[in-house]
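Asks: Now for the letters of each chain:
Protein chains: 2
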Amino acid sequence: MVTLTAYITEHEDRFLEDLKGWLRIPSISTLPEHASDIRHAAEYAAQQLRDIGLERVEVIQTQGHPLVYGEWLHAAGKPTVLIYGHYDVQPVDPVELWESPPFEPTVRNGSIYCRGAADDKGQTMLVFKALEALMAVDGRLPVNVRVLIEGEEEAGGESIEAYVRNNPQRLQCDAAFICDTHMPAEDLPALITGLRGIIYTEVEARGARRDLHSGTYGGVAPNPLHALAIIISRLKDADGHIHIPGLYDRLRPPTPEEKAFWQQDPLHIARSLREEMGVAQLSGEEEYPPLERIWARPTLEVHGIAGGFTGEGAKTVIPAVATAKISMRLPPDLKSSEVFTLFERAVKQAAPPDVTVTVRNVHGGEGMLASPESAPVRAAAAALKETYGREPVFIREGGSIPIAALFSEILHAPVVLMGFGLPDDNLHAPNEKYSLAQYFKGIRTVASFLQKMG
Amino acid sequence: MVTLTAYITEHEDRFLEDLKGWLRIPSISTLPEHASDIRHAAEYAAQQLRDIGLERVEVIQTQGHPLVYGEWLHAAGKPTVLIYGHYDVQPVDPVELWESPPFEPTVRNGSIYCRGAADDKGQTMLVFKALEALMAVDGRLPVNVRVLIEGEEEAGGESIEAYVRNNPQRLQCDAAFICDTHMPAEDLPALITGLRGIIYTEVEARGARRDLHSGTYGGVAPNPLHALAIIISRLKDADGHIHIPGLYDRLRPPTPEEKAFWQQDPLHIARSLREEMGVAQLSGEEEYPPLERIWARPTLEVHGIAGGFTGEGAKTVIPAVATAKISMRLPPDLKSSEVFTLFERAVKQAAPPDVTVTVRNVHGGEGMLASPESAPVRAAAAALKETYGREPVFIREGGSIPIAALFSEILHAPVVLMGFGLPDDNLHAPNEKYSLAQYFKGIRTVASFLQKMG
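Residue numbers (numbering that gives the first Met the number 0), protein chains in the order written: chain A, 0 to 453; chain B, 0 to 453.
Quick caveat, the hints were computed from the structure, so don't treat them as lab data.
Do not take every clue at face value.
Copies of the same chain look alike in the list, so a pair counts if it works inside one copy or between any two.
What the hints assert, rightly or not - Taking lysine to any residue pairs in the SDA-like style, the calculated list, with each CA pair at most 25 angstroms apart, reads: (1) Lys314 with Arg205; (2) Lys314 with Ala237; (3) Lys347 with Ala237; (4) Lys314 with Lys347.
With these hints in hand, go ahead and build the complete structure from the sequences.
Replies: Have a look at this one:
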């Protein structure tokens, strides 16, 4: 009987060819002219699942792009793992900056260059290959598995959200596993144990009935742009403190381990942030370590202010209406709907009385916390240690992965965020690539993770 | 010998035909395809001046559109009056809203409808006709006269500014007379005794080297939009007070007469302002009467804020750079260059330390005060009383008329702002018109004004 490791080594070439075949399909989800490519990429994934030996494999039609589902549920008494990935990719513009054609997978310097190589076909395919290896070597899987692959991750993800909300029984599981993140460095395995949620809002201020000339009306006219400036400055001060009553009350303090990690910053993330931004000093709440600020503190940012005149030259208009796009990032303890209520109330309290303010909830999403003590996270950590020879670090991300929060909310399952991308993979940019070493190490790690879950 | 009044009455038809001929020339100064019309309109004005009997009549070439000059300097021992007007007009879009063709002068309901009827061909032509009547009846003018007509009033006015700065001797005068304003109502003659100046600026805030994602950087990134909000809110508070150290120090208190007029507001201007804006209450410094706020107080307005994302949807960008257009209106005692220095200093003091701020002086212009006690203003007031049967009101305007400030600055002459437009003349809009009664009353008033100056 061949060992798992030997099987993986022996089939590396084909594992790479199967990935290349998928990468050649330009499954750009936001461009309607790629609809048949989307379909083709979904069928390709379904065929992979059938080849592995999964059952009830199905390309599920949706309002948008299809989902791909497959399952293997014969590990009686063992946990069920829901595996997530996505087959859609970003557009390729500016195409002239690609060193090789964006949909012709090309190996250079130990990496495979292609749109989707890292995000997320490479990472999804390595999970398929781990399943294949387990099935081929043992004739069975060590856990029950459900696989759910979507085609709208780069386009809003509405179809999978509707499907998960409508089919929680079919997706019932003990852990969800998402392979769509990266490690801080190739010798530094990592697990992501926290994500921030978000509210995205539009704050509209209305003054006079029509646009006014500042010569004739300046001094007696309401100015919605000025009102927005006052509101924004009252919501967050120059030191990064947010003045929304009740916001900080519900914030859970981090664990001592997390706090120590953030303070010590052994990965020198603060220095990287400074260098990437080209600033001498980081902004924000100086009484909190930078890692806590980006991973575990609520933040408020204004993204744009519309209204009046921003063209060349000098127009002295006082606009009738102005709008600000303002979002907040929310640590997992802060629920987006509750924070929106607090936000709306604070905006109205901060508004000068001469404008009428309305606050629109554009969208919201929840954060996520995965305890390092949960069984799935411990299994993933042990697998990473086995493959990489060192303990993984537990990090958070400041952004949002809506599907993680959705699995957590609807399926009540701990979520394992373990990915093998690297910081220089050029996601969403020209010359996207994926390290071949990471691809093959990823297959071994995922196979080991599933074994340890069994 | 015919009297002046009889001469004017007798020639009303021709006075109107001469205006119509000028109005038919579509002398739009901002559209290059009207260059020959501009030239034609200038020649038409020059011919009018020759017909009156003015001397040294000249179409003066400039970097832009030509000026028209003429003089009559044989009133030995009498003052010299510099007369200003402009022959260029605004574009006519949206042309479909005109009830008669924009360049076909049409008389309806006692008004002549045409682009330029009020602004400023009608008002300039009535001054020409006053000169003609005086010359025809008396064989001479009661004062020395210089006439200077420009063709760029609607296009920045750069050529006349350069000409005035370079030729102060040729334009030497004891009073300047500008006929390009309106009266509050047709039975309410008015003289404008004050204009506000302006500084128009762009404030740029720079944070990180490049645009950032708020998920990854929110909490440690400088946000130039937020910095601008803080700066703007610190420059002016919600009660309309400007916090620029030194700004209010140089402000001269109004005369008791002005203060009483502003407080009593006999023209009910505050009510009109509320109705035009559709607001229940006026904004700004409530401890000052509304008329003082718009005519005699410095104000600060933000006109637009650029940077980040203002399109449809939700982009979580923290921009590297953001820019605000901010202007200030300045009562005559505040010099634009001095206020700009104070403004720039205050902006830099108000800026959070994590952004780099630069302040650009886009343009500046001075305000103007004309004492109601000066001889030219008293002569104009007496002429208005004679024609309209009541004392004129002395009002200010909150906006700027750069040529008035320029005459005041370069020629050191009191400026008479006496015009015969009405509030419903549709300046810069479709269906511009000029009241025929005001046209003929204007001729009589201007002739009387020049006689009283003599």
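Asks: Would you list, in rising numerical order, the hints stated earlier that this structure does not obey?
Replies: Of the numbered hints, all hold.
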